[in-house]
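Chemist: The primary structure of each chain is shown beneath.
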Amino acid sequence: MKKYLSPDPFKKARVAHGCAHMDEQNDPVTMILRLKDVRKTAHNWKTFHSGATPGRIVIPSEVNIRHTRQIPFEVDPPLHGSFRSLLEPWFKRPLESAYQEKLTQQVRALVDDVLEAGKIDVVEDFSLCLQSRALTLLLNTHASEADTWIGWGTHVFRSEDDPLDGDKAALLYDYIDEQIKASTPDPEGNLYSVLLSAEVEGKKLTHEEIKGIIILTFAGGRDTVINAVTNTISYFAEHPESLVRLRNEPEIIGRAIEELLRYFAPLTQMGRVVTDDTQVCEHAIKADSRVSLCWASANRDESVFESPEEVILDRKLNPHVSFGFSHHNCLGATHARQIMRVLIETLIEKVSSIEIIDFEENVESLGEFERKVGFHQLNAKFNPH
Amino acid sequence: MAKITFITQDNIPVIVEGESGSVMALAVENNVAGIDGDCGGVCSCATCHVHVTKEQFDLVSEASEIEKDMLELDDDANEYSRLCCQIDITEQLDGLVLTVAG
Ligand code: HEM
Ligand code: FES
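Protein sequence lines correspond, in order, to chains R and S. Oh and the first sequence: position 151 is 151 in UniProt numbering, straight run, nothing missing. Oh and the second sequence: position 26 is 26 in UniProt numbering, straight run, nothing missing.
Chain S on its own, in the form it takes in the complex:
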């Protein structure tokens, strides 16, 4: 079980819990504003873009080349950006805080 906090664009924290699957699917199930997951998680739409904090970036694995290429052309991306459909939920993510990108 991992507790994950999403901070939405309106600066509202939404705390959700998940056991498995992708972080995007968890966010969509819980109607987290700004995470649409249009492509269902195949890394084609970038509607699941989040910022991880610098301190917690080690908790999530590094993005694949394909994901990096998607983020490169996203105007809101920074070095701590991830497409959260590419992050699988594990115990290790407990306490993770993600800011929904604009």
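Pulled out of the complex, with its shape left as it was, chain R reads as follows:
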């Protein structure tokens, strides 16, 4: 079997029922599997809300390891919109040419390194480095900070034997506390300084609010970007002809990015808490229970996508939900898309082929389903032109 493949475990349940049940830390989840239902539910924030106990809409639940509310993620409209208005211009900076030039330099240097290195682990030695260095641009902090973040390893909340490691999470939270305390307000500075000088609805942000925004920037943009980059490398390793095609037809790079994101869905699902007794695709759901928006399943919905199991690089109509949908759609999407673009452009230019040596898949256990979301390890060798 091809190593890049990300099989769709939800198909049967999606077609037959549209929903599935998942037990999780005594707080069960009804998973919503069809694209239309996922979109409708994401849009209906009044019944399916995000502002529950911090950590509860995340699956697996982080209620026991986090008390800080992540912002704007765990806030509902209208306050949600006020935070988005503050943050959106900052998170659009990846569209600026100076930002793109710096990102290009980072990726080129990294690809040069792995071309020289021989065998590498794509996850640790490539994706994690790329993600961490690129994050210094998004936060506008010193480039050397990336070394600290790389030192934390691939998972901020997970360790070898514990999918929710409180000690590892504390490392991140303490680091962020220190960074905020050491920063001074400056609307032209790094993200900490900008937030220290900002106001939302006429009030300065509290330390806890700033912390909630920064935690989200670290946590939301880490595993997701690492999965996107690692899966993309595994795909090109087995499809060298796709690199050639993208070199000859650079105008389809945008579509290729969206298609790789659709197919790999780097974030499998996200939860909501139901405020009133309600129904989803004819299944009754009780107030104060959890549902999940299963982006990975919605992206394979056979009633919408033609040949959903295939990667079609120039797929023209591609209404995927890898970045979520409606109010809470991904704030980091501009940055993530830019990373994917620069990555593909750099591979096209410098790399002729990638050989996979061995690998260990990262498989999530989701009730009755097992979903491969990426790799724990992907040992490979990059060959130059």
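It is worth saying that the hints were derived from the structure and are not from the lab. In this text, all values refer to a predicted model and were calculated from it rather than measured experimentally. By construction, the Cβ of each residue, glycine as well, lies at the ideal position given by its N, Cα and C atoms.
Just the calculated beta-carbon pair ranges, DEER-fashion: (1) S:80 - R:250: 34 to 44 angstroms; (2) S:54 - R:250: 32 to 42 angstroms; (3) R:279 - S:90: 43 to 53 angstroms; (4) S:54 - R:370: 43 to 53 angstroms; (5) R:187 - S:20: 38 to 48 angstroms; (6) R:79 - S:20: 42 to 52 angstroms; (7) R:178 - S:10: 36 to 46 angstroms; (8) R:15 - S:80: 34 to 44 angstroms; (9) S:94 - R:287: 51 to 61 angstroms; (10) R:102 - S:90: 38 to 48 angstroms.
Away from chain S, derived, C-beta distances all over 12 angstroms, residues of chain R: (11) 5; (12) 68; (13) 76; (14) 153; (15) 286; (16) 349; (17) 351.
With a Cα cut of at most 25 angstroms, we get these calculated PhoX-like pairs of lysine-lysine: (18) S:68 - R:36; (19) S:68 - R:46; (20) R:40 - S:68; (21) S:68 - R:316.
Chain R is fixed; fit chain S with the ligands onto it per the hints.
Modeler: What follows is chain S with the ligands alone, placed relative to chain R:
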């Protein structure tokens, strides 16, 4: 060649000219405020939402099911809404006026 006018949220008309490609790409090239085109035109982001006038709605083709499904959950959508990444520029669009949705 088609001359297309975008009326931005601040009620400022922006007149641009294009020959081919999508209306969204033309708007992004010309920095039309409010048309971001985040997904590059694959109908996944709805950041290219415009309102056509009732009189000119015949000039643009009808939206596909996939586009209609996206618009259905957009609070600013009305019966003359389109995602302009799904409109290809042709001579026929000359004189089209589009209002950028909120
Ligand atoms: C390919 C990479 C990424 C994927 C697939 C992804 C996916 C998602 C998804 C599905 C959501 C919606 C969550 C919900 O509806 O509750 C989301 C929200 C969010 N993401 Fe991302 N993300 C990625 C990268 C990033 C990056 C790099 C950052 C920042 C560094 C980031 C920051 C955020 C934030 C702040 C939100 C919350 C937005 C809100 O609640 O208004 N993401 N992301
Ligand atoms: S540009 Fe994304 S839907 Fe039109």
